[in-house]
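Visitor: Let's have the full structure, built from the sequences with the hints guiding it.
Counting along the sequence shown from 1, when you hit position 87 you're at 732 in the numbering used here, and nothing is skipped either side.
Treat the hints with care, since some could be wrong.
Cut-off 25 Å, straight-line C-alpha distance, at most; resulting in silico cross-link-like pairs (SDA-like, lysine to any residue) [unchecked claim]: (1) Lys1212 with Arg941; (2) Lys1212 with Pro1172; (3) Lys1115 with Val1168; (4) Lys1115 with Arg1062; (5) Lys1212 with Ala794; (6) Lys1115 with Pro1009; (7) Lys852 with Tyr1083; (8) Lys1212 with Gly1098; (9) Lys852 with Leu870; (10) Lys852 with Arg941; (11) Lys852 with Arg1015; (12) Lys1115 with Asp1096; (13) Lys1212 with Arg1071; (14) Lys1212 with Thr1026; (15) Lys1212 with Glu1171; (16) Lys1212 with Pro1138; (17) Lys1212 with Arg1015; (18) Lys1115 with Pro1142; (19) Lys1212 with Pro1091; (20) Lys852 with Gly1092; (21) Lys1212 with Thr1035; (22) Lys852 with Arg780; (23) Lys1212 with Glu945.
Have a look at the derived ranges for each label pair, beta carbon to beta carbon [stated by the list, open to error]: (24) Pro659 with Arg736: 47 to 53 Å; (25) Phe1180 with Pro668: 53 to 59 Å; (26) Asp1058 with Gly714: 52 to 58 Å.
In case anyone wonders, no lab produced these hints; they're calculated from the structure.
Cβ atoms here follow ideal geometry from the backbone N, Cα and C, with glycine treated the same way.
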Amino acid sequence: MTSTLIPPPALDRPVFTAPEVHPDRIGLPVAGAAPAEPVPADSLGAALAWRAKWRPLSVAHHVVDGRQGETRLTSRDLYRLAGAAAVRLRRAGVGTGDAVALCLDTSVDLLAALYGASLVGAVPFLVEPPLTRARHEGWLSRTAAMVAAATPAAVVCGPALATTAARLGPPVLVAPFGTADIPAPTPVRPEAPALIQFSSGTTGTPKAVVLSHRSVLEASRAIALAAPFLAGDMLGGWLPLHHDMGLIGTVVSPFLHNLASAIMPPLSFVMRPERWLTLLHRFRVTISPAPNFAYRLAAEAIAGLTAVGLDLSAWRVAFNGAELVDHATLRQWQAALGPHGFAATSMRPCYGMAELGLAATFAPAGSLPRVRTVSRSALTTEGALLPPLTPGDAHDLVSCGVEVPGLAVRVVDADGREVGDSVIGRVEVRGTAMMTGYLGEPPLAPGSWLDTGDLGFRDSGELVLTGRAKDLVIVAGRNHHPYPIEQAACEPPRVRPGAAAAVGVPDPVLGTERLVVVVESVVFREPAEAAALAFEVERVVSERTALRPDRVLVVRPGTLPRTSSGKMRRGLVASMVASGELA
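Guide: Structure below.
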C-alpha cells in the first residue's frame, strides 16, 4: 500500500471547492455510446409534444439561477409550462406566423414562452432584458428598433419590465404563466418562419434573420452530426439565449435530439467566470460552446483559486467561436484546466453565424487545433501570408476547421472568383440550413451564395479567418488588418487582455484614414501613467506590425463596445473616436 502526499492549498489564494455531481448524471457519460436519436418532428413545438408523450420523464433542461439554485424540467413539465404560455398567447390574439418578442433572461419563464410560442405556430425573437431599472430607457430605444422591424403581436416580459415594455406598443404579457394542458401543436409548413434571430451587428445595426422550421431542423442536424451528439450527452453553458450560439447550440439542438442541457444566466458567468466550470462539473457536461474571451476569463479565474475536486474529464467538445480564436488563450486555458481533466483535443474552434442557424465549420474531432504561423507585419500591411521575419513578427492564426454536413464554404476574390489555398479573400457560404432571408428584404434565391463579410483563407482544406472586411483600416490606399494590431497592443502588461480596438478614422484634410488604437487599462485615471502606456502601446505596435498608430487612446475598463457574444464593435469605436466621445 502506498500513500500520496497532497500539498495543502496555497494560503494566498481562495479555495474553490467543486460541488457534488448531480444525481441524474452520476456514472455518465458512458463510453462508446451510440449517436443521439433525433426527435421525429417538423418543428420545436411538435418535438415538445412528442417528447411529452413518449419520453415524459426525460429531462429537457436543468435551469440554474443566479444563486445557483436548480430547476429540473422534464419533457412533461416543460409541456405544461409551455401550454400555459401558449394559452396566454392565443388569448392575446397571437396566431400562426405572428412574431412575438421574448424579453426575458435565461430562466424557466423564458423556456416556457419560447416553447409556448412554437406550440401556437408563432415566430419568437429573443431580446436581452436590462439588468437594472436605470438601464430601462437605453433598453427601450434599442428594443424599439427591433420591434419596428419585426412588428410583434405581443411582448413577453417579467413584472419589473412590464411598464417600460408597454411603451413599445404591442400588448404585454407578464410571465410567469403557470401550467396548463393544450391540444396538439399548430401544424406548420417546413418553409414557414420558425425564429427571428438578430445578427450580432459587429459592423452596424443588427439585421433580422428569418429562419424557417426546415432551417432550424437542418442547423440542429448539422451540429449533431459534426459534434457528434451521443446518447447520454449533456450540453450546457451560460451563453445568452438571444444569441444563436446559446439558443440553437445549448437549447434547441439538444432538445431536438432527445438530449438535455444545463443552462445559467450570462450574468452568473460575468460576475464569477468559474461558475461556468462549476456547471460543467456538476452536470457532467459533455458539450459546451463559448467565445474565445470566455475561455480566457475562466482560465484567469481558476488560476487565481485553489480548485479542489474540479473534474472536467466529461467535457468532450469545447466549441470556441463567435470571435477570432487566439492561440495564446488556448495555451493559457490548457495550462489552467488541463490539470482538472480537460483534454487538449476537446478544444474545437468553430465558425458560424445567425444566417445559418448557427454552424458553418467545426475543427475536426480528436486532434489539436491547426495553427498557421505567419508574419504579423506582412499580414497587417499587405494582407499576405508569409513566414515571420523574427520571433516578434510571428502571428498565430487558428483554423476553424471544415464544413458541417449540408454546408458549403468558399473563399473568393473581389471579382467573385474562387481562390486557392493560402490566398485571403471574402468568405461565402450556402447550404440547407440557410436563412429564408432578412426581414423586410427579398428572400434569398435557392442555392445562392451568401457573402458573410468575413475574410479568410483555406489551409489544407480547413478555413482560417483573418477578420471582417468592413473592419479593415485603409491608410494611404492600403488595407490593414486590425486583429494583428490589436494583439500587439495588448502585449504591454497594463493593457487588459483582449481589450484593444484598432480602427480607421477619416481625416478630411489628408483624404484618408488615420490609424487609432484604443486600449482599456486601469491607469486611465492617471494622465501621466496613461500617456506612458499610450507611448508603450505605440512602440510595441510599431515594432510588431511596421505600422505606427496616429493616436493611442487609453480608456477605462468596460468602455469598448461589444456585441452580446463578445465581438468588438469596431465600427462603433471608430464613430466614438470621430465624435470625440473617446478622446
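Visitor: Would the pair lysine 852 and glycine 1092 pass a check requiring their Cα atoms to be no farther apart than 25 Å?
Guide: Judged against 25 Å, a Cα distance of about 21 Å means the pair holds.
Visitor: Below or equal to 25 Å on CA atoms is what counts here, so check lysine 852 against arginine 780.
Guide: Holds - the C-alpha atoms of arginine 780 and lysine 852 are around 23 Å apart, at most 25 Å.
Visitor: Taking 52 to 58 Å as the hint, is the beta-carbon distance of aspartate 1058 and glycine 714 inside that range?
Guide: 54 Å, holds
Visitor: Between the alpha carbons of lysine 1212 and proline 1091, is the straight-line distance 25 Å or under?
Guide: 30 Å, violated
Visitor: Can the restraint linking lysine 1212 and glutamate 945 be considered satisfied, given a maximum Cα separation of 25 Å?
Guide: 19 Å, holds
Visitor: Take the C-alpha atoms of lysine 852 and arginine 941, compute the straight-line distance between them, and say whether it is at most 25 Å.
Guide: Roughly 29 Å separates the two Cα atoms, so the pair is violated.
Visitor: Take the C-alpha atoms of lysine 1212 and arginine 941, compute the straight-line distance between them, and say whether it is at most 25 Å.
Guide: 14 Å, holds
Visitor: Does the alpha-carbon distance linking lysine 1115 and arginine 1062 stay inside the 25 Å limit?
Guide: The given pair, whose Cα atoms are some 20 Å apart, holds under the 25 Å limit.
Visitor: Between phenylalanine 1180 and proline 668, does the beta-carbon spacing fit 53 to 59 Å?
Guide: 58 Å, holds
Visitor: Given the hinted pair lysine 1115 and aspartate 1096, is their alpha-carbon gap at most 25 Å?
Guide: 12 Å, holds
Visitor: CA of lysine 1115 to CA of valine 1168, is that 25 Å or under?
Guide: Between lysine 1115 and valine 1168 the Cα gap is close to 31 Å, so the pair fails against 25 Å, i.e. violated.
Visitor: Given the proposed pairing of lysine 1212 with threonine 1026, does the C-alpha separation stay at or below 25 Å?
Guide: Holds, at roughly 23 Å.
Taken one by one, the earlier hints fail for this structure at numbers 2, 3, 6, 9, 10, 11, 15, 19, 21, listed in ascending order.
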